[in-house]
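Enquirer: Protein sequence lines, in the order shown, are assigned to chains A and B. First residue of the first sequence? That's 54 in the working numbering, and the numbers climb one at a time after it. First residue of the second sequence? That's 7 in the working numbering, and the numbers climb one at a time after it.
Worth flagging that the hints you see were computed from the coordinates, not collected in a lab. Treat the hints with care, since some could be wrong.
To be verified - Straight line, CA to CA, 25 angstroms or less: simulated SDA-like cross-link-like pairs of lysine to any residue:
#, chain 1, residue 1, chain 2, residue 2
1, A, Lys91, B, Ile122
2, A, Lys105, B, Met7
3, A, Lys91, B, Gly145
4, A, Lys91, A, Ala102
5, A, Lys97, B, Leu65
6, B, Lys148, A, Val101
7, B, Lys148, A, Arg88
8, A, Lys105, B, Thr41
9, B, Lys148, B, Ile127
10, A, Lys97, B, Asp43
11, B, Lys161, A, Val60
12, A, Lys97, B, Pro147
13, B, Lys148, A, Leu73
14, B, Lys161, A, Ala59
15, A, Lys98, B, Lys148
16, B, Lys161, A, Ala64
17, B, Lys161, B, Met39
18, A, Lys97, B, Asp96
19, A, Lys97, B, His75
As the list claims (entries may be wrong) - These stretches of chain B come out as covered by chain A in the derived footprint (C-beta under 8 angstroms, 3 or more residues):
#, region
20, 31 to 39
21, 43 to 51
22, 74 to 85
23, 116 to 127
The beta carbon of each residue, even a glycine, is placed where N, CA and C say it ideally should be.
Okay, here's what each chain looks like letter by letter:
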Amino acid sequence: MARDPAVHEEAEAYGIDISLIRANLRLTPTERLRRHDKALNMQKKLRVAMEKKRG
Amino acid sequence: MDDLTGIIGRLIRAEVDFVLVGGLAAVTHGSSMTTQDIDICCDFSPENLLRIQSALENLNPVHRMTTNHLPLELTEINCRSLKNLYLDTDWGPIDCLGEVLGLGNYDEVKLASETIELDGIECLILRIGALITAKKAMGRPKDIETIKQLEAIQKEER
């Protein structure tokens, strides 16, 4: 589907990556939730690693 | 390890009467943001709250906002005074709300919801327009990006 690039002008100016949203919209709701859980767990792992490094 | 999707599955299988709202509803609609907890708006009848307790069995649910993280020990009697429940579990935090700002009580939230299929089981989720209304009513700085993402999703889906 051809999209008007100006449609997301405001969102993109705000810093929103429309390509990430489009990638999510290609997934089913369950896949979106699973992907989110993975991202959340990765964030936690990184946080713990950084806390460990800082002592 | 957090398993927010797993908690939702447990709520559905325990036949909890709820609507998925908040950040995880935004994720389900396609937002690329991450959230730390599950927000549900639910029926606060003792029967439904006891179903929530049963759904979270073995996940060590505790009252997150209490100083000593008191364990969740609901009975038909102590359920009656509750308006919200802020819990933490081994699989992640879950907030159970009796109403949503900008939308109203559970019945009104339910009217503003739609059914989606999660792993072949039906789940109620706040419709994207209602989610935007609720986020605008909250008016917190952290909600601004979610609103912009949700509006972009609406435009993509038109």
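Enquirer: Given the hint that Lys98 (chain A) pairs with Lys148 (chain B), test it: the Cα-Cα distance must not exceed 25 angstroms.
Expert: holds (23 angstroms)
Enquirer: Given as covered by chain A, does the region 116 to 127 of chain B meet the bar of three residues or more with CB within less than 8 angstroms?
Expert: holds (count 4)
Enquirer: Keeping to a limit of 25 angstroms between CA atoms, is the pair of Lys148 (chain B) and Val101 (chain A) held or broken?
Expert: With a Cα-Cα distance of about 23 angstroms, the restraint between Lys148 (chain B) and Val101 (chain A) holds, given a limit of 25 angstroms.
Enquirer: Under 8 angstroms between beta-carbons, do enough residues of the region 43 to 51 of chain B, three at least, approach chain A for the coverage claim to hold?
Expert: violated (count 0)
Enquirer: Run the distance test for Lys161 (chain B) versus Ala59 (chain A): straight-line Cα separation, threshold 25 angstroms.
Expert: Judged against 25 angstroms, a Cα distance of about 11 angstroms means the pair holds.
Enquirer: Taking 8 angstroms as the C-beta cutoff, is the stated coverage of the region 74 to 85 of chain B by chain A satisfied by three or more residues?
Expert: violated (count 0)
Enquirer: Does Asp43 (chain B) lie within 25 angstroms of Lys97 (chain A) when you go C-alpha to C-alpha?
Expert: holds (13 angstroms)
Enquirer: Would you check the hint for Lys97 (chain A) and His75 (chain B), treating anything up to 25 angstroms between C-alpha atoms as holding?
Expert: holds (21 angstroms)
Enquirer: Against the 25 angstroms threshold, does the CA-CA distance of Lys148 (chain B) and Arg88 (chain A) hold or violate the hint?
Expert: holds (21 angstroms)
Enquirer: Just to be careful, I want the Cα atoms of Lys148 (chain B) and Ile127 (chain B) compared with a cutoff of 25 angstroms; is the pair within it?
Expert: violated (31 angstroms)
Enquirer: Keeping to a limit of 25 angstroms between CA atoms, is the pair of Lys148 (chain B) and Leu73 (chain A) held or broken?
Expert: At roughly 19 angstroms apart (the allowed maximum being 25 angstroms), Leu73 (chain A) and Lys148 (chain B) satisfy the hint.
Enquirer: Has the given pair, Lys91 (chain A) with Ala102 (chain A), been kept, meaning a C-alpha gap of at most 25 angstroms?
Expert: holds (16 angstroms)
This entry does not satisfy hints 3, 9, 21 and 22, going by the numbered hints stated previously.
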